[in-house]
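Chains as they are written, first to last, in the numbering used here: chain A, 68 to 241; chain B, 41 to 133.
To be clear, the hints were calculated from the coordinates, so they are not data collected in a lab.
We put the CB at the ideal spot given by N, CA and C, even for glycine.
All the given hints hold, so there is nothing to weed out.
Far from chain B, by Cβ distances over 12 Å, these chain A residues were calculated: (1) V117; (2) R130; (3) E163; (4) A182; (5) R183; (6) E210.
Have a look at the derived ranges for each label pair, beta carbon to beta carbon: (7) B/K82 <-> A/L138: 38 to 46 Å; (8) B/R80 <-> A/I145: 41 to 49 Å; (9) B/G104 <-> A/H221: 37 to 45 Å; (10) B/A91 <-> A/A104: 21 to 29 Å; (11) A/E133 <-> B/A91: 45 to 53 Å; (12) A/R232 <-> B/S124: 49 to 57 Å; (13) A/Q147 <-> B/Q103: 37 to 45 Å; (14) A/Q147 <-> B/V84: 40 to 48 Å; (15) B/V116 <-> A/E165: 15 to 23 Å; (16) B/M132 <-> A/A223: 48 to 56 Å.
Listed below, chain by chain, are the residues.
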Amino acid sequence: MLSVFQSEQTELLKLLYDRIYIPASELAEYAKHGAEALIRELLDNGFVVVCELNQIEKEEAKRISEKIAALPLTKDKIAQNHYPEAEAMVLASRAELEKPEILLDERAAREVAKARGLSVIGFAGLLIRVCKAQQLTPEEVREIMLKCVSLGTHYAQEFIENIYRQLQEERHEP
Amino acid sequence: MNHKITAHEPEEELLSSAEEAFQDAEESQKRWELWEQKHRLKSVRIEVPQAEYAVLQDLAQQQGKTVAQFIQTILVGALPALMSPSQMQPRMQ
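My request is simple: use the sequences and hints to build the entire structure.
Here it is, written out as structure tokens:
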């Protein structure tokens, strides 16, 4: 979600999703990154809903955060720093949410989420979906990702260019 | 917007495979299509003027719905006023 906020694309989420559920611990994470006002706005209009985890779920989230921290894909070995993503995974496993998608860009967290059978999508995947639905052009996808990079998100240049090229090629296919 | 949103932590390795990003998008699209089939739904994209959107947002919020859910309720609810049940029935099979 940070990339969504950085690139000012919250409307894009509304094209794809009816509602976004976040665990309570994510609120502090957004505040840490300066997105408190934006998330508050989405909470106020009902698009984002905060869910509290029960004690058993919190314990499960703690185990998941330890698993993420132990992976070689992350240099951050402090499990607590992965706790918000872990809580999101536990939340996404709730039966009443009918197998939602979980939005994750961090490779270690993605790997753990996939191993748990969750449906994962990254920010680039969202942009590609919207582009294929002709709601964004390949140029706009590139521009949005570059904006995130300019604000410090470390998407690789090659990653962005590969996505842009492939979207362009698909656009010109008969 | 005048918000300064800081980035993901630099020690976090982010998705960097375009192939995986396209796979994310493709699987997401398939999940969406299956969900529509399961719930017998069909997506419709509509544009509404911004001013009216704000009103719809307020009304939807009062009912604990999203704008899309609220518009869906209005449109489906309005059908009997536009067409009699006997006329609608053959089209709803």
